[in-house]
Amino acid sequence: MSLTPIDWIIILIYLGGCMAAGLWMRRYVRGVQDFAVAGREMDVNLGIASLAATELGLVTIMYTAQLGYEKGFAGSMIGVIICASVWLVGRTGFVIAPLRTAGVMTIPELFEKRFSPRVRWLAGLFVVLGGLLNMGIFLRLGGEFLVYATGLPPGWLEWVMTALLGLVLVYTALGGMLSVLVTDFIQFLVMGVGIVVTSVLVINHVGWDNLIAGLQTAWAAGGGAAAATAPAAGEAAKAGTLAAHPFNPFHASSFGWGYLLWQFAFQIAVATTWQTQISRVLAAKDADTAKRMYRRTAFYFVGRFLLPGLWGAAAFVWFAQHGGLPKDLTTLTAMPHYLAIVLPAGVIGLVVAGMLAAEMSTDSGYMLTWATVIYNDLVNPCLKRPLSPKGQLLLTRLLVLGIAVFLLFYGLWYELPGNAWDYLAVTGNIYLASVFTLLVAGLYWPRANAAGAVAALVLGAIGPLVFLFLGKAYKIAPEVAGASSFGLAALGMIAGSLLTAAPAAPSASASART
Amino acid sequence: MKDPFLLFWAVLIFASIAWYAFLVFYVGWKAGGEIKTMIAALSGAEPVKPDDPPRRAP
Chain A
62 MSLTPIDWII ILIYLGGCMA AGLWMRRYVR GVQDFAVAGR EMDVNLGIAS
112 LAATELGLVT IMYTAQLGYE KGFAGSMIGV IICASVWLVG RTGFVIAPLR
162 TAGVMTIPEL FEKRFSPRVR WLAGLFVVLG GLLNMGIFLR LGGEFLVYAT
212 GLPPGWLEWV MTALLGLVLV YTALGGMLSV LVTDFIQFLV MGVGIVVTSV
262 LVINHVGWDN LIAGLQTAWA AGGGAAAATA PAAGEAAKAG TLAAHPFNPF
312 HASSFGWGYL LWQFAFQIAV ATTWQTQISR VLAAKDADTA KRMYRRTAFY
362 FVGRFLLPGL WGAAAFVWFA QHGGLPKDLT TLTAMPHYLA IVLPAGVIGL
412 VVAGMLAAEM STDSGYMLTW ATVIYNDLVN PCLKRPLSPK GQLLLTRLLV
462 LGIAVFLLFY GLWYELPGNA WDYLAVTGNI YLASVFTLLV AGLYWPRANA
512 AGAVAALVLG AIGPLVFLFL GKAYKIAPEV AGASSFGLAA LGMIAGSLLT
562 AAPAAPSASA SART
Chain B
2 MKDPFLLFWA VLIFASIAWY AFLVFYVGWK AGGEIKTMIA ALSGAEPVKP
52 DDPPRRAP
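For the record, the sequence lines run as chains A and B. Read in order, the letters of the first sequence are residues 62 to 575 in our numbering. Read in order, the letters of the second sequence are residues 2 to 59 in our numbering.
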């Protein structure tokens with residue numbers, strides 16, 4: 062066990078503070094609007110804290126460190142692309158400005174105004190399917206970090222994560238977005254301190270010059286494979302060499318141009334479509350606040366990949382110089398094990414609290430978001446009579462509970478077909494490509510209609526689903542699955558709209574833009 | 002540091018550490034004030050009465 066009593070005291074104070082703050086906000090929840098979008102009272106800095114805390118989970122730290130371990134600093138190029146995408150969207154207001162102005166609570170709700178109730182329901186189904194599958198591995202990866210960083214017995218993983226999810230569940234189900242915003246704020250502070258302290262200690266431990274020399278030596282030893290697939294990069298890294306160029310992400314052995322171009326399209330879609338990000342846009346006071354929130358958060362995404370990536374690269378160099386990676390560790394679990402070696406007593410308590418903060422803010426934000434979509438877009442449209450405000454709240458809270466139960470069981474048995482990042486990108490793509498196509502066409506193309514929307518939803522989901530279930534057996538590249546879904550969704554929208562009757566005027570897209 | 006990519010990553014790593022440290026203090030201070038304002042606004046809002054007509058999503 063790596064934790065000392067002082068570490069435990071820090072962790073318990075943090076957990077107690079979060080619970081108290083989350084439960085305190087329950088008193089301000091008067092209806093679903095307060096529960097789902099915090100009464101649209103969120104201002105820009107709180108939005109930055111909440112968005113940053115939600116989008117930087119323990120799962121993020123694990124997979125970005127894995128990329129750093131296998132691909133060196135070049136593995137963090139995706140963070141740079143995300144930064145550029147988020148800034149671009151924040152600068153132009155592309156999609157997010159008209160979406161916020163439309164006054165909806167979820168993205169599928171806009172599709173009812175623009176297309177039809179059936180499109181809203183179908184889009185809601187895809188949003189939930191992709192979102193829940195994506196979130197399914199959060200607990201397992203978060204638990205692995207805690208086990209390896211703290212020295213807890215591996216058999217405790219399920220129990221620790223169940224207890225943690227239980228805590229998050231209580232304040233999320235009771236206080237909704239209001240609790241999530243306030244706990245996100247606390248978690249943003251604790252997590253920020255933990256990340257900065259860890260990064261400084263890691264550089265100090267491994268030594269900057271030694272880190273660079275270690276990566277260069279491993280790349281030279283690896284010989285620079287022509288094109289390192291994720292498994293090849295992983296196997297080489299386990300053996301203490303690098304099959305991927307550690308600094309040049311455009312090199313054929315690293316990501317290469319094709320993958321990075323796909324990522325750029327993918328991240329534009331994420332910034333405009335990913336419901337957990339968009340829920341902050343919809344909770345913002347107005348479109349201008351949402352745009353400022355995006356611009357000011359953009360650079361945060363570089364560190365989101367690069368700093369855990371730095372820890373992963375440092376772990377790689379350290380293990381390569383100390384007899385190689387132990388047999389019971391993988392490229393995913395190497396980083397937390399390394400941190401347990403680097404961080405002194407007292408500091409590790411702060412860092413574990415920071416990582417718990419990362420996990421909790423992500424879990425709460427995601428559970429609330431998907432529960433809101435299920436209620437708002439799948440259940441509510443099917444009701445003959447609207448529920449009372451109390452009934453709406455109760456149902457949404459039960460949905461949060463249901464998602465928590467799903468997370469526990471799915472997270473325990475699913476085996477990743479590739480590395481964690483590819484899994485997350487592809488499951489997210491189940492709805493990202495198609496819903497992004499619907500949003501862009503719905504807001505900016507008056508000729509788009511319901512038939513095109515349905516075709517785009519169905520065709521856009523094919524590529525990612527094939528990868529998810531057959532990717533391992535048939536060795537399908539993630540960028541092929543991902544890029545094909547964008548192409549198929551666009552094809553479905555254009556062909557479906559042009560081959561059927563034009564939508565009745567006046568177009569709802571005009572009202573959405575006002 | 003002859004490799005331009007190496008220089009690129011070194012600048013980004015140290016800028017990220019500085020940016021995260023700055024954000025913790027700056028956003029922490031500002032967002033704390035915004036939470037107070039949000040709570041004040043929510044406290045002043047008229048609560049939903051049990052006999053109010055049910056409302057659909059806006």
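FYI, nobody ran anything at the bench for these hints, they're computed from the structure. Every residue gets a Cβ at the ideal spot worked out from N, C-alpha and C, and that includes glycine. Do not rely on the hints blindly, as some may be mistaken.
Using 25 angstroms as the maximum straight-line C-alpha spacing, the simulated PhoX-like pairs for lysine-lysine come out as follows [said to hold, decoys possible]:
1. A:K299 - A:K388
2. B:K37 - A:K346
3. A:K174 - A:K445
4. A:K346 - B:K31
5. A:K346 - A:K174
Far from chain B, by Cβ distances over 12 angstroms, these chain A residues were calculated [unchecked claim]:
6. A81
7. G108
8. S111
9. R152
10. T223
11. G253
12. W269
13. F362
14. L368
15. G370
16. A401
17. I555
18. L560
Label-pair distances were calculated between CB atoms; the ranges are [claimed, not checked]:
19. A:G212 - B:K3: 21 to 29 angstroms
20. A:P214 - B:K3: 20 to 28 angstroms
21. A:R179 - B:K37: 56 to 64 angstroms
22. A:G385 - B:K31: 43 to 51 angstroms
23. A:N271 - B:W30: 36 to 44 angstroms
24. B:K3 - A:D389: 47 to 55 angstroms
25. B:K3 - A:A313: 33 to 41 angstroms
Taking the numbered hints from earlier one at a time, note which ones the structure violates and give those numbers from smallest to largest. 7, 8, 11, 12, 13, 14, 15, 19, 20, 21, 24, 25
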